[in-house]
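Student: Using the hints, put the two standalone chains together into the complex.
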Amino acid sequence: MLTIDNLQATVADKPILKGLSLSMNAGEVHAIMGPNGAGKSTLGYTLGGRPGYEVTGGSVTFDGQDLLALEPHERAAAGLFLGFQYPVEIPGVSNVQFLREALNAQRKARGEEPLSGGEFLKLAREKAALLRLDMDMLKRPVNVGFSGGEKKRAEMVQMGILDPKFAILDETDSGLDIDALRIVGDGINAIMRKPDKAVLLITHYQRLLDYVKPDFVHVLAGGRIVKTGGPELALQLEEQGYEAVAA
Amino acid sequence: MSELASLPTRKAEAFRYTDLDALARVWPVACEEIIVPSGQSTSVSIVEEGQQAVARHLVIEIEAGAALDLRILNAGNTFGRIAIYVTLGEGADFTLGAAQLGQGGQVLEIVTEVAHDAPHATSRQVVRSVLGGHATGTYLGKIAVARGSDGTDAAQSVRAMLLDRTATANARPELEIYADDVKCAHGCAVGELDAQGLFYLQSRGLPPPEAKRLMLQAFIAEAFAGAPQEEELQAKALARLGELV
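For the record, the sequence lines run as chains A and B.
Under this note's numbering, the first residue of the first sequence is numbered 1, with each subsequent residue one higher.
Under this note's numbering, the first residue of the second sequence is numbered 248, with each subsequent residue one higher.
For the record, the hints were derived by calculation from the structure and aren't laboratory data.
Virtual Cβ for every residue (Gly too), placed ideally from N, Cα, C.
Be aware that a few hints might be false.
[As the list claims (entries may be wrong)] Here are the simulated SDA-like cross-link-like pairs (lysine to any residue), alpha carbons at most 25 Å apart as the crow flies:
hint: 1; chain 1: A; residue 1: K108; chain 2: A; residue 2: T61
hint: 2; chain 1: A; residue 1: K213; chain 2: A; residue 2: E238
hint: 3; chain 1: A; residue 1: K108; chain 2: B; residue 2: G489
hint: 4; chain 1: A; residue 1: K151; chain 2: B; residue 2: L440
hint: 5; chain 1: A; residue 1: K139; chain 2: B; residue 2: G489
hint: 6; chain 1: A; residue 1: K139; chain 2: B; residue 2: A468
hint: 7; chain 1: A; residue 1: K151; chain 2: B; residue 2: Q464
hint: 8; chain 1: A; residue 1: K14; chain 2: B; residue 2: A442
hint: 9; chain 1: A; residue 1: K165; chain 2: B; residue 2: Q443
hint: 10; chain 1: A; residue 1: K139; chain 2: B; residue 2: Q464
hint: 11; chain 1: B; residue 1: K430; chain 2: B; residue 2: D397
hint: 12; chain 1: B; residue 1: K483; chain 2: A; residue 2: P91
hint: 13; chain 1: A; residue 1: K151; chain 2: B; residue 2: D441
hint: 14; chain 1: A; residue 1: K108; chain 2: B; residue 2: A482
[What the hints assert, rightly or not] Now the stretches of chain A that chain B is said to cover, found in silico as 3 or more residues with beta-carbon under 8 Å:
hint: 15; region: 85-92
hint: 16; region: 98-106
Just chain B, with the same shape it has in the complex (with noise of 0.2 Å):
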């Protein structure tokens, strides 16, 4: 957390694909607490799709037993650098569903580090984006599990589909484990439509935008499936889809 103190440098590792121009424009950034009380669970869903550039930075933290489920549309039209710091307790639940849409030049981030600092917690993480145009989107997830924290149950599924050759997708699934008992799982995968299926779509009557307006509306479908604002998230994404394709 360090990070707020002064403008970082491309050498932070946090900050290895920034937009530094975009980011001096919001520079410092404001450290938003989240705080879920023992037992509790609850929901957050954050929209970026504005015209100014966005950077956010959440320190959340769950207690023993408590629950946060958060899901995030980052699509803003230049800069949208999200940055998520959690800490879970002794069989807290943590869940990240987030769709990063963009064009043009757009510049998006989704920044994580989940500390499993208690034994028995979990954490699911599932980050889809979509790049069309000179877009670049970026996933740096680092999933720590302190000394002791067993039973520890992990999952990152980060996934980006390339709109054009020119788009650029980074991804960084990262594990720090000193624990002995843990279940740790990522898996990531960059891109593109698959041309067999877009035909076929087109041969039963779908002209080229709308067949892949339906297969990406799949694509991230599970960012935010099961989440209580699914189909608000959903609409808002898929009126986005239909300007990127």
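So here's chain A without its partners, still in its complex pose (with noise of 0.2 Å):
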């Protein structure tokens, strides 16, 4: 589904990743973990297209498309999701019309018909549902005045609504507590553990993957994967931390 063939990319001139390989097929959930500056975020912010970072070098296919000749809205509508550490607060654009544009921007972008009112409303219920968020949140400007774990959750309900092929979670996990830690697992479980779907997780600790099983684990280090290993590497990890395990 996704092969990322040496890729390099700079962050304002300077270089981040430094040669990144990673293969992932369908049905596979991945996790990267890594220390702080080990270029994490660089890596789902080149993917998504962000301006500002530059790829160098290297390559990235997606379903036999090349991603990185893809603008942003593009990758959203070949089934490309990128879940913020750092949800963007949107004053004055209500979730559900921003979502609704931006879901029959991607259908017509597909050659599907959009939905109608009831129809992406009663869609969106249901996600805002299963990540138990109040419909009313749904409503409100994105992301302005949520409590982090409320952005978070709210993110997880973009996904669930856009259905996504692929999604690249960064730091989905953090600023949750431990409940919110379990609805957003189960979340992610539901909307992505499919056959035809895969997932990235990045993130710093296990506690996600408790819930979310990986079924690989690489570690980012220096922008370049160090290490795969299967599940038991994060637990390793977690117990000896990236300098010991990394070397």
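Tutor: Structure, rendered in structure tokens:
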């Protein structure tokens, strides 16, 4: 589904990703762990196409397409979802309006019929219930006045509504209390644990992986994958730290 | 109001940023009078979105205990100047909500002078400008609180969004206060669309023009919020924004 080959990227002319390679198949969940500054968020933003994250080498193939040639909105329509570590507040724009327009823009790009207002609200209600987010919050402006945990749950509601093939979730577990972590973990499983989908979890901690079991765990350090293993690698990292394991 | 006598020059403060050539074509400007009789409340909406240059000069008197809700969509294709001179009676209330949407070489301006000539009157002005290309958007707003007009409550909120570095926004809120017990607030900001917000919206599948339109729609919403004609004004502004992005 996704093949990253020798990816190099800079931010403000500073090299961050230095030859990162990673291959993922449909039906898999991968976790990327690593110390601060390793390039985890840069990987997410580079795959999402954020301006300022410049690819200087390598390639990314997503579902047979050259991902890096696509604009951010085209990547979304192709089935990519980027869960933000810090979801952005958009004053004055309601979640419902934003998500309906976003979903219908994606559907249009794929040659599908738009959803009507009623159909969309039904879908939104269903996904909000899954993440136990009050439907009233979706009528409010995007992320404005949401707590850290509410923002992360709202991200997952967005993911549920947009129904991507592939999700990169950048520290979706940060800012969550224990109960919210379970809700978000269950949400990720319900939305994304399917044979035709894949998830890349970027995280610092083992705890999210208790709920969303990864098939592979990678250690990212110095802009490269330095070690790959099974779920046991995350436990080992938790016990021994990055330095000992990645050395 | 001496401005009506002869074609002004840029030396006149109220015309400092105007397009004099365009103004000359529509000169002289007829004075439009609006009187809201004591105790009554009314609303007026002005939509300028045609091809012709337009200059309007409104002289408004809101008598004691009366209220006027004035909304303006200033989005003419060449030149649009709307000057508003308001006198408030005791306990009168004035609301102005305006959006100026310009692109190309449009020159759009709103000039207001609100005279709190009696106690306990309230006024609230919200002006939002969205400017692309080489457009110029100007707001010159004066609030004058006369001696003895205690209990005055006046507010101005002026914001402009520049879509291109070549567009210009001028804003000059001005307070002239000769009474002691008054509340006057003014705020003014010129900015660009938040790049982080734009990327966030795009990452969910919105093409850049639609992401911008959504953010701009939110930006100008306050100008028409609560107006009796809110839906109609929003719809017209939205159509216009679609052309701007």
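Student: All hints are to be evaluated individually against the structure, with a verdict given for each.
Tutor: Okay, the hints, checked on the actual structure:
| no. | hint | in the structure |
| --- | --- | --- |
| 1 | A:K108 x A:T61 | holds (23 Å) |
| 2 | A:K213 x A:E238 | holds (15 Å) |
| 3 | A:K108 x B:G489 | holds (18 Å) |
| 4 | A:K151 x B:L440 | holds (22 Å) |
| 5 | A:K139 x B:G489 | holds (23 Å) |
| 6 | A:K139 x B:A468 | holds (16 Å) |
| 7 | A:K151 x B:Q464 | holds (23 Å) |
| 8 | A:K14 x B:A442 | holds (20 Å) |
| 9 | A:K165 x B:Q443 | holds (24 Å) |
| 10 | A:K139 x B:Q464 | holds (16 Å) |
| 11 | B:K430 x B:D397 | holds (9 Å) |
| 12 | B:K483 x A:P91 | holds (21 Å) |
| 13 | A:K151 x B:D441 | holds (19 Å) |
| 14 | A:K108 x B:A482 | holds (23 Å) |
| 15 | 85-92 | holds (count 6) |
| 16 | 98-106 | holds (count 7) |
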